[in-house]
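> The hints should help you fit chain W with the ligands onto chain S, whose structure is shown.
Chains S and W supply the protein sequences, listed in that same order.
The numbering of the first sequence is UniProt numbering, which starts it at 1 and goes up by one.
The numbering of the second sequence is UniProt numbering, which starts it at 1 and goes up by one.
Hints were generated in silico from the structure; no laboratory data involved.
Since no wrong hints were added, every one of them can be taken at face value.
Beyond 10 Å from chain W on every Cβ pair, some chain S residues (computed):
#1 Gln12
#2 Leu31
#3 Ser41
#4 Pro47
Short derived list, chain S residues pointing at chain W, Cβ under 8 Å:
#5 Ile24
#6 Ile27
#7 Lys59
#8 Thr62
#9 Ala63
Idealized CB from N, CA, C, for every residue including glycine.
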Amino acid sequence: MSAFAEFDQERQRIDSLIGQGYTITGIYEDLDGARVTFIRSEPAGEPVELLLLTADARKHVTALLVSGFRMVAVVESYS
Amino acid sequence: MADLSIDFAGIKSPNPFWLASAPPTNTGYQVQRAFEAGWGGAVWKTLGEPVINTSARFAAVHFGGQRVAGFNNIELITDRPLEVNLKEIYETKRRFPDHTIIASLMVEPKREKWHEIVKRVEAIGVDGLELNFGCPHGMAERGMGAASGQQPDLVLAQTAWVKEVATTPVIVKLTPNITDITVVARHAVKGGADAISLINTINSLAGVDIHSWNTIPNVGGQGAHGGYCGPAVKPIALSMVAECARDREVGVPISGIGGISTWQDVVEFMLMGSTGIQVCTAVMHHGFRIVEEMIDGLNHYLDGKGLASVTELIGQSVPRYSNWGDLDLNYKVVARINEENCINCNKCHIACEDASHQCIDMLTNAEGKAILQVREEDCVGCNLCSIVCPADGAIDMVALDSGLAPMSWNQRSRIISGVNGSYSEAEVV
Ligand SMILES: Cc1cc2nc3c(=O)[nH]c(=O)nc-3n(C[C@H](O)[C@H](O)[C@H](O)COP(=O)(O)O)c2cc1C
Ligand code: SF4
Ligand code: SF4
Numbered sequence: 001m002s003a004f005a006e007f008d009q010e011r012q013r014i015d016s017l018i019g020q021g022y023t024i025t026g027i028y029e030d031l032d033g034a035r036v037t038f039i040r041s042e043p044a045g046e047p048v049e050l051l052l053l054t055a056d057a058r059k060h061v062t063a064l065l066v067s068g069f070r071m072v073a074v075v076e077s078y079s
Numbered sequence: 001m002a003d004l005s006i007d008f009a010g011i012k013s014p015n016p017f018w019l020a021s022a023p024p025t026n027t028g029y030q031v032q033r034a035f036e037a038g039w040g041g042a043v044w045k046t047l048g049e050p051v052i053n054t055s056a057r058f059a060a061v062h063f064g065g066q067r068v069a070g071f072n073n074i075e076l077i078t079d080r081p082l083e084v085n086l087k088e089i090y091e092t093k094r095r096f097p098d099h100t101i102i103a104s105l106m107v108e109p110k111r112e113k114w115h116e117i118v119k120r121v122e123a124i125g126v127d128g129l130e131l132n133f134g135c136p137h138g139m140a141e142r143g144m145g146a147a148s149g150q151q152p153d154l155v156l157a158q159t160a161w162v163k164e165v166a167t168t169p170v171i172v173k174l175t176p177n178i179t180d181i182t183v184v185a186r187h188a189v190k191g192g193a194d195a196i197s198l199i200n201t202i203n204s205l206a207g208v209d210i211h212s213w214n215t216i217p218n219v220g221g222q223g224a225h226g227g228y229c230g231p232a233v234k235p236i237a238l239s240m241v242a243e244c245a246r247d248r249e250v251g252v253p254i255s256g257i258g259g260i261s262t263w264q265d266v267v268e269f270m271l272m273g274s275t276g277i278q279v280c281t282a283v284m285h286h287g288f289r290i291v292e293e294m295i296d297g298l299n300h301y302l303d304g305k306g307l308a309s310v311t312e313l314i315g316q317s318v319p320r321y322s323n324w325g326d327l328d329l330n331y332k333v334v335a336r337i338n339e340e341n342c343i344n345c346n347k348c349h350i351a352c353e354d355a356s357h358q359c360i361d362m363l364t365n366a367e368g369k370a371i372l373q374v375r376e377e378d379c380v381g382c383n384l385c386s387i388v389c390p391a392d393g394a395i396d397m398v399a400l401d402s403g404l405a406p407m408s409w410n411q412r413s414r415i416i417s418g419v420n421g422s423y424s425e426a427e428v429v
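Pulled out of the complex, with its shape left as it was, chain S reads as follows (with noise of 0.2 Å):
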């Protein structure tokens, strides 16, 4: 599979989930990737982890949030 496959099919499940309404509360980076949770309140349920592969999955989940996707969220747990 070339690598923009890899990473497409990495974003496409980070979209669906943001636009099913979850939000990220979490990156963690460790030698096997970035493990990324996922938590929607409304309607509420399990928290959702993905384990991102590809560097472009890893760079596209944090423009989001620098895009200001969440950026509330980001905000409250900086105060």
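Chain W with the ligands only, in chain S's frame:
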């Protein structure tokens, strides 16, 4: 025509082109001919206690048909008595009062030795002093040159001793044979340096003769490490100049040295923060008259840019040189191959296939002609294909608009820490 004159830490020079302290500045005869050719200044071959130089001193690295891509020497400082040099400096200055003569000095790291040489040299009238803390061989074994230049406290102390008696500006010449050149630069400034110059030569062994098994160069079958300079060292010198230029604690004028051989090199060093430059190897290779082309080229360039003075170049690129951690990760370039300029050598395909991201496809176009095409979504924009491509204009690196706000590694780390509620990520500088 633009004004090429510079004021380097109070030292006036008709242009920024100076000869570095080296064989071309060994005698009055040479320096006077250099001034006639157009050089604005000269740093005299380093003066100090008597030395004896070896026979067989130089070697060069020729690479891919380019002679003297790099130059290696095991020469020490001047082997002529101080009085002879001083007399010739005096005569040269008398003939060329508007040209710059800097005396390069190196003595043992003792206060009285520095005082003595500074007083004797300044008494005959020089425009400034350059302290040679950079020579990597011969003198270093005696605690001079790079040996003292590698010890920041000794650089500070010796500069301060010189400043106690010097009446002309003091330039400290730095050795590149050190982990972080800004540490030494800062110590020179703390010692009172009015300016710094860099780089001296880089520790080197030019080669080993695979037939005789002797080192290159060798003195009767024995070799010793030398100092490397010439075009090959330019990127190293430029980065060291840039590091010093952007360090606020350094903050003194810089004389850029290392691999300069064209007017374009001069512009690059000035944009990166040099107020003036010095040249050695290019003159050893091509003679004093290379300065004519440098002056012409610089003049045309400044006119083309609409600049009235060469000093307007100084430091313009420094703010564009930052830390890796502050670069925009969302900036994206991709390679694009222009069929009309491509000669179908396949070098880009091989390079991308073997050493990058396997994204240049070999296709056949509608007319049945073999063509190469980049799969842009897989291209990481590494530049390798355009670097190896031998045909001008065959590959363009094109910036794509990602539509994303800029995001650096450091910003990203802060965002992640914010989300996680902790500051766990290290920033990258
Ligand atoms: C043969 C030779 C002798 C040199 N002698 C001296 C010297 O006496 N004092 C000094 O400060 N630098 C000396 N240098 C270093 C040069 O001044 C300069 O810093 C270095 O060569 C880098 O510039 P380049 O790439 O233009 O040659 C010498 C260099 C060469 C090649
Ligand atoms: S820029 Fe790098 S990744 Fe892109 S096509 Fe060229 S070699 Fe391949
Ligand atoms: S390296 Fe340049 S000239 Fe050669 S095939 Fe690639 S684009 Fe064409």
